[in-house]
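Chemist: Each chain is listed here by its residues.
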Amino acid sequence: MLLPQPGKIYRFYRNGFKSMTVGKTLWKIIFIKLFIMFAVLKVFFFPDFLQTNFSTDQQRADHVIEQLTGSAHLN
Amino acid sequence: MGEIDLATVNWARAQFILTAMYHWLFVPITLGLSFLCAFFESIYVRTGKEEWKHLTKFWMTLFGINFAIGVATGIIMEFEFGTNWSSYSWMVGDIFGAPLAIEGIFAFFLEATFFAVMFFGWERTSKGFHLFSTWMVAIGSNLSALWILVANGWMQYPVGMAFNPTSARFEMQNFWEVLFSPVAMAKFTHTTSSSFVVGSLFVITVSSYYLLKGRHVEMAKKSIIVASVFGLIGSVFAAFTGDESAYANGHFQPMKMAAYEGLYEGSKGADLVAMGILTSGKKVGDGQPPFAFEVSIPKGLSLLAKRDFGAFVPGIKDLVYGNEAEGIMSVGDKMAKGKVAIADLALIQKAKKDGDEQAKTAAIERFKVNQDYLGFGYLDTPEEAVPPVASTYYSFHVMVYLGTFFLLLTLLFLYYSYKDTLAEKKWLLVLGFCSFFLALTASELGWVVAEVGRQPWAIQDLLPVKMATTQIAAGHVQASFAIFFVLFAVLLLAEIKIMLKQIKIGPEGV
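Going line by line, the protein sequences match chains A and B.
Counting along the first sequence from 1, when you hit position 16 you're at 16 in our numbering, and nothing is skipped either side.
Counting along the second sequence from 1, when you hit position 460 you're at 460 in our numbering, and nothing is skipped either side.
Among these hints, one or two may not hold up.
As the list claims (entries may be wrong) - No farther apart than 25 Å at their CA atoms in a straight line, the calculated lysine-lysine pairs in the DSS-like style are these: (1) Lys-221(B) to Lys-49(B); (2) Lys-504(B) to Lys-8(A); (3) Lys-28(A) to Lys-504(B); (4) Lys-497(B) to Lys-18(A); (5) Lys-317(B) to Lys-497(B); (6) Lys-501(B) to Lys-18(A); (7) Lys-18(A) to Lys-33(A); (8) Lys-497(B) to Lys-24(A); (9) Lys-497(B) to Lys-33(A); (10) Lys-57(B) to Lys-24(A); (11) Lys-18(A) to Lys-213(B); (12) Lys-49(B) to Lys-24(A); (13) Lys-53(B) to Lys-18(A); (14) Lys-501(B) to Lys-24(A); (15) Lys-466(B) to Lys-42(A); (16) Lys-24(A) to Lys-504(B); (17) Lys-213(B) to Lys-426(B); (18) Lys-317(B) to Lys-283(B); (19) Lys-497(B) to Lys-28(A); (20) Lys-33(A) to Lys-127(B); (21) Lys-213(B) to Lys-8(A); (22) Lys-18(A) to Lys-504(B); (23) Lys-501(B) to Lys-28(A); (24) Lys-57(B) to Lys-28(A); (25) Lys-57(B) to Lys-18(A).
Said to hold, decoys possible - Chain B stretches covered by chain A per the calculated footprint, using a threshold of three residues with CB under 8 Å from any CB of chain A: (26) 80-88; (27) 120-131.
As the list claims (entries may be wrong) - One side only, chain B facing chain A, incomplete, derived with CB under 10 Å: (28) Ile-148; (29) Gln-349; (30) Leu-463.
It is worth saying that the hints were derived from the structure and are not from the lab.
Every residue, glycine too, gets a C-beta built ideally from N, C-alpha and C.
Isolated chain A (complex conformation):
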């Protein structure tokens, strides 16, 4: 039975990772994928539009309301 002691838990994970076979390849894929997602895609292609362009929630709300009430929708 796994006991919630830090040393045991550490050894459990360490031995588990050491004895992996196909899992090692999978972890490599996961890390490469996460790197591409968070260090490349998120940073260069997916800025949070409202967070980046406005500094307060009030400004963000005003922007969205302006989008919703623009003159093109009032005809």
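Here the structure of chain A is known, so what remains is to put chain B in place on it, guided by the hints.
Modeler: Just chain B now, with coordinates in the frame of chain A:
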């Protein structure tokens, strides 16, 4: 603001479709196969037979490969929300915050914690605790799906909220109403039960391959029995929950139902189209017959939509142009009310900027009168409220045919397993080999019905998709679309390669 750039809207749409459909290649396998692993291991713990342990470890390895390639692909959709769908994200943030936070906690504590025990704990924990962990992974994965589907269900049937016109946010008023909305519940039960079928057919496909090749025969036969029982139960359950989804559509999204049934003219005792070919180029109100050919079940649609053979089911024409006798307001009238709501929203904003509290309060009161029609104010024509009929209709019908086929297929696999002649039925094994690919197709088509069928809405009746997007350059979205396409193709090839290698090695390699 200027005119909406439809190129940006459509590229943002295309990117979301690509991401969601790619993500959904992995999710149903995880939801179904996790339970199958729990069943296999339960048999091992109960019988103590090592062959069941080897079998469990083999399927668990394939489960792990699928999980590893699929994990975090859903996060990309959250990136897209912030960049391409910023108005929408802002407006729904208060509603989606709670379900998605709970999903994150479930995913982390239930899946991540017990996932490690499931893979690392075979020789390091007791049999009972290991089995408990496997069950927790299965239950945790499916509960994670609940919260995502609750969020999606809210978009289809927005309840338990109030729109705040000064902050442009939908604010949660009743969490339980959001969680237990009939649309969300129908969506969760139908999605999970159909995913059980996908997981079962994954096992049947791989096992059929082994039987066709004459390899790992005993393991394949054992796997097929368990997967067929689970697949059969899942198929029956999916049929009932599908009926429940249709009933919910009949009440809350009648336009979607009319689209997936190709129903243009509503009637009492409406027929259900069992099969048919739509008239090419048919438009609402053009007088053409909706079908070039059809086979219908008399009064079937009224029963499906209202649980009453004689009930009126509205068609697309009724919903667009109105039907006074049935109390259905036309889209044109709703558009007029929606435009008044938009004008009041603008007055609220002006009064807020001017610091005129009295004018603001008066405008808010006026806005409340028409707020339920807000989204209609953004439509250019009444016909814009009609979703793409052909893709919704054909997706729905092919999904239903495949679902029926899976039910029969799992029955046949069980019957020949019982007779112990399965290995001789090459034709059935070939069908079994193809079944997983058909199941994934059916699962994806289910989402096409759900999402294409609710167009033009991002939030039903309140926010059309074109108003939910960020007005950024279409080229920006095109570039990230291309990157995703390449990334997803590479990841998918990696999964297929690793998965095929592991299947080729078989249970001895785990």
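Chemist: List, from low to high, the hint numbers that the structure doesn't satisfy.
Modeler: 2, 5, 11, 12, 20, 21, 28
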